[in-house]
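Which chain is which? The protein sequence lines are A and B, in order. In our numbering, each residue's number is its place in the first sequence (first place is 1) plus 157. In our numbering, each residue's number is its place in the second sequence (first place is 1) plus 12.
Just so you know, these hints were derived from the structure itself, not from any lab. Hints may be right or wrong, so weigh each one.
Going by beta-carbon spacing under 10 Å, a handful of chain B positions derived as facing chain A [as the list claims (entries may be wrong)]:
id: 1; residue: Leu83
id: 2; residue: Ile84
id: 3; residue: Leu85
id: 4; residue: Trp107
id: 5; residue: Ile172
id: 6; residue: Ala253
id: 7; residue: Leu257
id: 8; residue: Gln260
Covered by chain B, according to a simulated footprint, are these stretches of chain A (three or more residues, beta-carbon under 8 Å) [to be verified]:
id: 9; segment: 303–312
id: 10; segment: 334–342
id: 11; segment: 441–454
None of these values were measured; they are calculated from a predicted model. Cβ coordinates follow ideal geometry from the N, Cα and C atoms, glycine included.
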Amino acid sequence: MTRISRRTVLMSAPALVFAPHVATAAEADAVRFGVLYPNLVSVIHAIAKKTGAYERHNLKVVETRLKSGQTVEGVEQLWRGNLDFYMGGAPEVPRLNSRLVESGRPPALAVVSGANPGHTSLVLGNKCQPKVIDEILKVRLKIAVSSLSSVHLAFFRGYLRTEKRLELNAISWQFLGMEGANMLPALLTGQIDGFLHSEPTPTLAIVNKAGHLFMQAGRGDMGPNPPPATFLSSRRDFLKQKPEVAKRFMRAIFDANEAYAKAPHEMTALVAEWSGLDEKIVAAAQERMNPTTSLTQAQAQKWWDFIGSTMIERGELSPKIKPFPDVFDLSLQPL
Amino acid sequence: MDARTQSPDAPPSPEVAERSIEDVGTEEKLTAFGRARRQRERLRKIFRGTVGVAVVLIVWQVMATAYDLELILPPPLSVARNIFNTLTLNYEQRWLYGPNIYEHLLSSFARAITGFSMAAMIAIPLGLFVGRFRTVREYVDPVIRSLYPIPGIAWIPLAILWFGLGNTAVIFVVFIAEFFPLYFNTEAGARNINPILVDAARCFGAKRLTLVRRVILPASIPYIITGMRIALGGAWRMIVAGEMLASQSGIGSVLMESRFQFRATDLMMAMILISVVGFITERLIVGTLEKKTTEKWEVRVL
Numbered sequence: 158m159t160r161i162s163r164r165t166v167l168m169s170a171p172a173l174v175f176a177p178h179v180a181t182a183a184e185a186d187a188v189r190f191g192v193l194y195p196n197l198v199s200v201i202h203a204i205a206k207k208t209g210a211y212e213r214h215n216l217k218v219v220e221t222r223l224k225s226g227q228t229v230e231g232v233e234q235l236w237r238g239n240l241d242f243y244m245g246g247a248p249e250v251p252r253l254n255s256r257l258v259e260s261g262r263p264p265a266l267a268v269v270s271g272a273n274p275g276h277t278s279l280v281l282g283n284k285c286q287p288k289v290i291d292e293i294l295k296v297r298l299k300i301a302v303s304s305l306s307s308v309h310l311a312f313f314r315g316y317l318r319t320e321k322r323l324e325l326n327a328i329s330w331q332f333l334g335m336e337g338a339n340m341l342p343a344l345l346t347g348q349i350d351g352f353l354h355s356e357p358t359p360t361l362a363i364v365n366k367a368g369h370l371f372m373q374a375g376r377g378d379m380g381p382n383p384p385p386a387t388f389l390s391s392r393r394d395f396l397k398q399k400p401e402v403a404k405r406f407m408r409a410i411f412d413a414n415e416a417y418a419k420a421p422h423e424m425t426a427l428v429a430e431w432s433g434l435d436e437k438i439v440a441a442a443q444e445r446m447n448p449t450t451s452l453t454q455a456q457a458q459k460w461w462d463f464i465g466s467t468m469i470e471r472g473e474l475s476p477k478i479k480p481f482p483d484v485f486d487l488s489l490q491p492l
Numbered sequence: 013m014d015a016r017t018q019s020p021d022a023p024p025s026p027e028v029a030e031r032s033i034e035d036v037g038t039e040e041k042l043t044a045f046g047r048a049r050r051q052r053e054r055l056r057k058i059f060r061g062t063v064g065v066a067v068v069l070i071v072w073q074v075m076a077t078a079y080d081l082e083l084i085l086p087p088p089l090s091v092a093r094n095i096f097n098t099l100t101l102n103y104e105q106r107w108l109y110g111p112n113i114y115e116h117l118l119s120s121f122a123r124a125i126t127g128f129s130m131a132a133m134i135a136i137p138l139g140l141f142v143g144r145f146r147t148v149r150e151y152v153d154p155v156i157r158s159l160y161p162i163p164g165i166a167w168i169p170l171a172i173l174w175f176g177l178g179n180t181a182v183i184f185v186v187f188i189a190e191f192f193p194l195y196f197n198t199e200a201g202a203r204n205i206n207p208i209l210v211d212a213a214r215c216f217g218a219k220r221l222t223l224v225r226r227v228i229l230p231a232s233i234p235y236i237i238t239g240m241r242i243a244l245g246g247a248w249r250m251i252v253a254g255e256m257l258a259s260q261s262g263i264g265s266v267l268m269e270s271r272f273q274f275r276a277t278d279l280m281m282a283m284i285l286i287s288v289v290g291f292i293t294e295r296l297i298v299g300t301l302e303k304k305t306t307e308k309w310e311v312r313v314l
């Protein structure tokens, strides 16, 4: 029988006292992450989950799923303190910060990274087969966008301005707001002549022979080095209170980036599962998407010059708002 | 149900003719007293209503200012200023919602009235018919009652599928939402007509069409008016829902776009304009109809 000496007992007392603190230190830090689901823009989160990136960085990510098209809701939840990070459509964070700046308050949110550069596609119906865009700019086409505030419309406005030296009101198109899910049936039934949207809607239209891909920003059809269409954002007070947690979160996202970049086609099944799409559609869409999430100062500035400036021109953003530091804070990325 | 008609230029009854001068004097005094009392009541009602609204506005202003809620609950003064600027087309911020507010309101109004008129043209005759004929009721009622629980908003995806995006889909959902209150109220009115009235009319030789025109329709009018009042309120609710999903114009689309822009002041402006236009529409259409029917014929639900 083993005997416990008095010395052992005395030695173990401090261990007993400090044990819970040691256990707490080892406990993962919780991060509340809002993502669009099922959706292609937020697949980097699915990859981070699947590859164990969060666990490796000692993070417990509590996921809040928002339906596609609910970017406003996501940004509102982030602003109200119900989320720590949010990944979704790009223009909403600058818009909210702009409202705050206009009313004399400091900007509450920060864009910490971005994804899906050039995710905007212009798909036209089969009846409309121009060779170059100049042939159709003065034709009364009905083009669907998710809303008049859509990032793709803002992108297209930026393209017209920088590449064609034209404003949106100088062309004859009529823009109709509708949900992405309605665009394909609307194109099939001839209610619209085309749409401006992101994946998977263009791929679905092509696969179903409803239309053809006329322009795709990712391949340089709307200018070189297209800016991102998706932003990863956070609350500034969270970044101030927990900078270490935020940095670890970003490292986990960058690990997921690496995993995707190494073998994008091995991720097809996972992307299909997360987006709720058929694997064939995802495989085809992968040619036109890049979910890896990182944003350089130059890309952020490009976004601002290309899209932000048109939003200021339209009155969506206040002229008082500046990209740095009012919108972007890229310091957390392990670049 | 009491349905009476009285012409204002009818000869005085013998009782009135036989009244003494003193009686008439007393009656005048009583009438003056009644008029003064009615005026006092009206003033009291206006005063109390104004106080109620003022209290709400003051609490709203204090809450919004004290808790710095401008971005989620803009103070009433900001909203009022925004409404004024929008109505005078002198925008404080850039207008981001396409055509001016009058065009949006006109689009919504046109959709509401078209849907309402279509619903009234179908639901009122059908309600009268079903209410008066038990056999028809037994055939038709289960069909209508089985469709009734489906909320108007649930018809929107189907409306988009059938009619595409645009006016027709929105008018269709408005029609659906307005049909049921109009139908059920008319049917109840027609079913609950006092049989004595119908028998009396028949004794005086009233044929079917005369019976409908002179007895059934006037006796059902209070119910129909109630149905119209409910239906018009519902129409504005459905207009907004429909325009938010299936239209590029109208006050619902302004509401949706202002949300995308995080412009709570514009959002509340749109809500208040819906309320004002809805109130005016109800007063103009139902109020006028009520004056021309219920009040003129002095019919009321007992």
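So, going through the hints one by one against the coordinates:
1. A cut of 10 Å between beta carbons decides the hint on B:Leu83: the least distance to chain A is about 6 Å, and the hint holds.
2. With a cut of 10 Å, the hint placing B:Ile84 at the interface with chain A holds, because the nearest CB-to-CB distance is about 9 Å.
3. Checking B:Leu85 against chain A by beta carbon gives a least distance of about 13 Å; that is not within 10 Å, so the hint is violated.
4. With its C-beta approaching chain A no nearer than about 8 Å, B:Trp107 sits inside the 10 Å limit, and its interface hint holds.
5. For B:Ile172, the interface hint holds, since its Cβ comes within 10 Å of a Cβ in chain A; the closest pair sits about 6 Å apart.
6. Checking B:Ala253 against chain A by beta carbon gives a least distance of about 14 Å; that is not within 10 Å, so the hint is violated.
7. Hint status for B:Leu257 relative to chain A: holds, with the closest Cβ pair at about 8 Å, below 10 Å.
8. Because the closest C-beta pair between B:Gln260 and chain A is about 6 Å apart, less than 10 Å, the hint holds.
9. Coverage of the segment 303–312 of chain A by chain B holds. Counting CB-CB distances below 8 Å, 3 residues qualify, and the rule asks for three or more.
10. Only residues whose beta carbon comes within less than 8 Å of a beta carbon in chain B count, and the segment 334–342 of chain A has 5; three or more means the coverage holds.
11. For the segment 441–454 of chain A, the proposed coverage by chain B is not satisfied: 0 residues have a C-beta within less than 8 Å of a C-beta in that chain, short of the threshold of three.
In summary, the numbered hints that this structure violates are 3, 6 and 11.
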